[in-house]
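Participant: Use these hints to put chain B onto chain A, whose structure you have.
So the sequence lines, in the order shown, correspond to chains A and B.
Residue numbering for the first sequence follows the numbering used here, beginning at 1 and increasing consecutively.
Residue numbering for the second sequence follows the numbering used here, beginning at 1 and increasing consecutively.
Keep in mind that a hint or two might mislead.
[To be verified] Cβ-to-Cβ under 10 Å is the rule here; a few derived chain B residues that face chain A: (1) Pro-8; (2) Val-27; (3) Phe-34; (4) Lys-42; (5) Gly-43; (6) Phe-46; (7) Ala-53; (8) Glu-55; (9) Phe-72; (10) Ala-84; (11) Leu-87; (12) Thr-96; (13) Ile-100; (14) Gly-104.
Hints listed in this document are in silico derivations from the structure and should not be mistaken for laboratory results.
Every residue gets a Cβ at the ideal spot worked out from N, C-alpha and C, and that includes glycine.
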Amino acid sequence: EAGVAQSPRYKIIEKRQSVAFWCNPISGHATLYWYQQILGQGPKLLIQFQNNGVVDDSQLPKDRFSAERLKGVDSTLKIQPAKLEDSAVYLCASTQGATYEQYFGPGTRLTVT
Amino acid sequence: EDQVTQSPEALRLQEGESSSLNCSYTVSGLRGLFWYRQDPGKGPEFLFTLYSAGEEKEKERLKATLTKKESFLHITAPKPEDSATYLCAVTHGGATNKLIFGTGTLLAVQP
Chain A
1 EAGVAQSPRY KIIEKRQSVA FWCNPISGHA TLYWYQQILG QGPKLLIQFQ NNGVVDDSQL
61 PKDRFSAERL KGVDSTLKIQ PAKLEDSAVY LCASTQGATY EQYFGPGTRL TVT
Chain B
1 EDQVTQSPEA LRLQEGESSS LNCSYTVSGL RGLFWYRQDP GKGPEFLFTL YSAGEEKEKE
61 RLKATLTKKE SFLHITAPKP EDSATYLCAV THGGATNKLI FGTGTLLAVQ P
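For reference, chain A alone in the conformation it holds in the complex:
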């Protein structure tokens, strides 16, 4: 079974530029999550989708971050404009049905200079 796929793996941008990350969850997983992991910290949830609807985006900085999940499969997370403090690893995870175990992709490491 293929795991969660993410791209790109690495991205370096200057502050005030825009960036987008892509995630393809495990086949059949209805719930998709985006987490932000700052160096030395645990992952922090940004947004949760159930199929293509948003369940929780309470910690998403909506003035600069946006996310969508068209057709309930792939998802993109966008930052516009980026700030220095956005430097982090952005992790995508998915889960199936009523189980709580979340399976993570390899992440995208973003460096904002």
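Facilitator: What follows is chain B alone, placed relative to chain A:
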């Protein structure tokens, strides 16, 4: 406020030297406690889910236990390949079963 605290922050062991990692939590209505392993440059890898106090789960050299206030990850006779960051997370379920993570324990096992 839901909170997860892991200790120690870092642990260095000799190969074969058993030890335990601690995860203490404060959460309203715990639905599950999770242990993940994270290698450098990779996403967290799922290890265990514990649902109720007294529950235990094992996988190779790892054993996870749960009480009403904390969880322990016991590592028996560790090998260098066990070196990684171990993350603990909790969820209180509901409409959003988001995971609330601790900051992790960085484990280094020296040959």
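Participant: Next, verify each hint and record whether it holds.
Facilitator: How the hints compare with the structure:
{"no.": "1", "hint": "Pro-8", "result": "violated, 14 Å"}
{"no.": "2", "hint": "Val-27", "result": "violated, 13 Å"}
{"no.": "3", "hint": "Phe-34", "result": "holds, 7 Å"}
{"no.": "4", "hint": "Lys-42", "result": "holds, 6 Å"}
{"no.": "5", "hint": "Gly-43", "result": "holds, 3 Å"}
{"no.": "6", "hint": "Phe-46", "result": "holds, 5 Å"}
{"no.": "7", "hint": "Ala-53", "result": "violated, 17 Å"}
{"no.": "8", "hint": "Glu-55", "result": "violated, 14 Å"}
{"no.": "9", "hint": "Phe-72", "result": "violated, 18 Å"}
{"no.": "10", "hint": "Ala-84", "result": "violated, 14 Å"}
{"no.": "11", "hint": "Leu-87", "result": "holds, 6 Å"}
{"no.": "12", "hint": "Thr-96", "result": "holds, 4 Å"}
{"no.": "13", "hint": "Ile-100", "result": "holds, 8 Å"}
{"no.": "14", "hint": "Gly-104", "result": "holds, 6 Å"}
Violated hints, listed in ascending order, are 1, 2, 7, 8, 9 and 10; each of the other numbered hints is respected by the structure.
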